[in-house]
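**Q** Sequence:
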Amino acid sequence: MDGQPAYQAVLDEVGDRLRRLRAQRGITLAVLAETTGISKSTLSRLESGQRRPSLELLLPLATAYRVPLDELVGAPEVGDPRVQLKPHKSANGETFVPLSRAPGPLQAYKLIVPDRGTEPQLRSHEGYEWLYVLQGRLRLVLGDHDVVLGSGEVAEFDTKVPHWFGSADGRPVEVLSLFGRQGERMHVRAKTTD
Numbered sequence: 000m001d002g003q004p005a006y007q008a009v010l011d012e013v014g015d016r017l018r019r020l021r022a023q024r025g026i027t028l029a030v031l032a033e034t035t036g037i038s039k040s041t042l043s044r045l046e047s048g049q050r051r052p053s054l055e056l057l058l059p060l061a062t063a064y065r066v067p068l069d070e071l072v073g074a075p076e077v078g079d080p081r082v083q084l085k086p087h088k089s090a091n092g093e094t095f096v097p098l099s100r101a102p103g104p105l106q107a108y109k110l111i112v113p114d115r116g117t118e119p120q121l122r123s124h125e126g127y128e129w130l131y132v133l134q135g136r137l138r139l140v141l142g143d144h145d146v147v148l149g150s151g152e153v154a155e156f157d158t159k160v161p162h163w164f165g166s167a168d169g170r171p172v173e174v175l176s177l178f179g180r181q182g183e184r185m186h187v188r189a190k191t192t193d
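Residue numbers (numbering that gives the first Met the number 0): 0 to 193.
Treat the hints as calculated values from the structure; they're not laboratory data.
Being a predicted model, the structure only gives us computed values, none of them experimental.
Among these hints, one or two may not hold up.
[To be verified] Distance condition first, Cα-Cα at most 27 Å in a straight line; then the derived DSSO-like pairs of lysine-lysine: (1) LYS109 with LYS159; (2) LYS109 with LYS88; (3) LYS85 with LYS109; (4) LYS159 with LYS88.
Could you put the whole structure together from the sequences, leaning on the hints where they help?
**A** Right under this line is the structure:
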């Protein structure tokens, strides 16, 4: 590179882009000046590259042409919107995929829970958990309760209560988990119909 900032090439192409856009729309400089409140001479200098584009000039032009500012200046594409998730294995054979990318009171995970055998080993710790069964059958032992959840069913509980969960039928179970370490709870708000 010749020492120019990376954005310089983008700015250098704005004039040509403005001229092409005006020609495609069949608009004269006089009409555009009247619509935007920018003088004809300023518009002409912008299109010829003799005047540097600025935000106060580009915003009225984007409004007049009804295009996003990104299109007007030829902003580069934003990258791939997909989030690349990395699965992890826990000591008990469970696969978990963190779905939360930022630290916060609630964390989201996708869990793939294997068959852990029939003898539950209950444990307790600080926090609050919300489980949604995506696929399969999940056995949840929570204190004195022993329940089986199927696809689409939800359980929530304080993790200080001794608990265990695993496959109910020997096949892996896919679960969405929201977990708050300090006892934060997941609140679902449903709109009621009258």
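**Q** Against this structure, judge whether each hint is valid.
**A** Do the hints match the structure? See the list:
no.	hint	verdict
1	LYS109 with LYS159	holds (21 Å)
2	LYS109 with LYS88	holds (12 Å)
3	LYS85 with LYS109	holds (11 Å)
4	LYS159 with LYS88	holds (23 Å)
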